[in-house]
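Full structure from sequences and hints, please.
Note that my numbering has the sequence shown beginning at 9, numbered continuously upward.
Some clues are possibly wrong.
What the hints assert, rightly or not - Below 20 Å or equal to it, Euclidean Cα-Cα: the simulated SDA-like pairs (lysine to any residue) are:
no.: 1; residue 1: Lys201; residue 2: Gln219
no.: 2; residue 1: Lys89; residue 2: Val60
no.: 3; residue 1: Lys326; residue 2: Gln340
no.: 4; residue 1: Lys200; residue 2: Asp184
no.: 5; residue 1: Lys133; residue 2: Val24
no.: 6; residue 1: Lys89; residue 2: Val24
no.: 7; residue 1: Lys200; residue 2: Gly185
Simulated from the structure, these hints should not be mistaken for lab results.
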Amino acid sequence: ILHSWRVEYEPAGDLVLAPANVSVARDSLLPGEDYQLSAEVFYFGDQKLDSVEFSVAEKYPGGNSAHILSQRLSLAPNSSKKVDFQWQSATAGEHTLVLQVDPKDDIPEPMEFNNQVLQHVFVRKDETPSTLVIYFDGLSVATNAYVSSHPEIECRIFDDSPAAIRDTSNVSIFLDGQRLAYANPAYELLFKKIDNRDGTQQRADILLRIQLPAGEHSFEFRVTDAFGHISSQTINVQVSETLQIFEVMNYPNPFRQQTHFTFNLSRDATLGTIKIYTLSGRLIQTLEFSPHAGFNSIPWDGLDARGDLLANGVYLYKVAVQQENQQAGQIQKLVIAR
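So, in structure tokens, the structure goes:
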């Protein structure tokens with residue numbers, strides 16, 4: 009005779025990953041940009057789960073997929089856990105990400121259909137060519153400007169898309185019509201890819217150190233990005249063996265508190281001075297500076313050598329530069345009017 013019968017069991021818990029629990033920073037992006045996702049996994053059950061797999065994969069139209077992320081979660085009874093991750097693609101078009109909890113069905117559950125979310129992401133085509141910024145020895149130069157015979161030339165490349173510039177195949181430099189190879193002992197040509205996340209959108213930096221003979225030279229910087237857009241910039245420069253000074257002036261003139269002495273040099277020099285005189289020829293101030301080929305700008309606060317303000321009136325100044333046994337200089341007038 010059966011007097012009693014009892015059955016004890018532990019009901020299976022349920023893992024839930026729902027579309028409402030997946031949040032994204034934006035639903036479209038450019039190739040190479042980071043796609044930020046956050047997913048919250050819920051667990052309804054009385055027993056702790058020590059190791060639950062959470063995975064992310066990209067699903068392709070043909071049915072294949074590529075693994076992106078796999079992470080193990082520990083879930084207390086009746087709790088949830090948030091997972092943050094990022095993804096990027098260099099290919100434009102619509103992409104499908106598959107987010108799953110317990111993808112191999114290791115955890116017994118009464119329902120499995122709520123363990124997966126399909127997240128659609130649109131990667132926009134990059135329609136904008138790169139922007140180039142060129143410096144010779146740290147300075148922007150005008151066309152036909154004088155530069156050093158051994159300049160350090162920098163080309164900064166900016167683009168909306170982080171995937172636009174990949175390697176040296178995207179960037180070419182031509183000197184007087186001849187393409188410069190990256191591996192040539194006659195000069196130094198360096199490529200640096202920049203993973204820039206501070207918002208400036210600089211993607212690469214090119215540095216060229218080269219010896220130039222005297223004469224006129226033409227540099228062409230050409231960038232073909234990963235999407236086929238072409239950007240180019242040509243800069244014509246001059247190199248001189250003779251030290252000459254051009255276009256000496258100060259601005260503003262007349263001035264009240266400060267002015268800048270500006271001029272152009274045909275080549276680098278080792279010593280530069282600006283001497284300021286009264287009309288009677290008395291020296292009242294001497295400024296020393298390090299001159300370089302091209303445009304130079306030297307500030308002056310309008311004070312004499314003792315630190316006193318000069319009276320209103322007309323003064324003379326001489327800009328002089330020296331390089332080994334060569335010298336050049338010019339005399340001009342300035343006016344103080346306070």
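Consistency of the hints with the structure:
Distance hint between lysine 201 and glutamine 219 is unfulfilled; the C-alpha atoms sit about 25 Å from each other, more than 20 Å. Restraint check: the Cα-Cα separation between lysine 89 and valine 60 comes to about 11 Å, which is no more than 20 Å; the hinted pair holds. Taking the CA atoms of lysine 326 and glutamine 340, the gap is near 6 Å; set against the 20 Å cutoff, the hint holds. Restraint check for lysine 200 and aspartate 184: the C-alpha separation of about 24 Å exceeds 20 Å, so the hint is violated.
Taking the CA atoms of lysine 133 and valine 24, the gap is near 35 Å; set against the 20 Å cutoff, the hint is violated. Distance check on the hinted pair: lysine 89 and valine 24 sit about 11 Å apart at the alpha-carbon level, within 20 Å; holds. A C-alpha spacing of about 24 Å is found between lysine 200 and glycine 185, which places the hinted pair above 20 Å, so the restraint is violated.
Hint compliance for this structure: hints 1, 4, 5, 7 are broken, all remaining hints hold.
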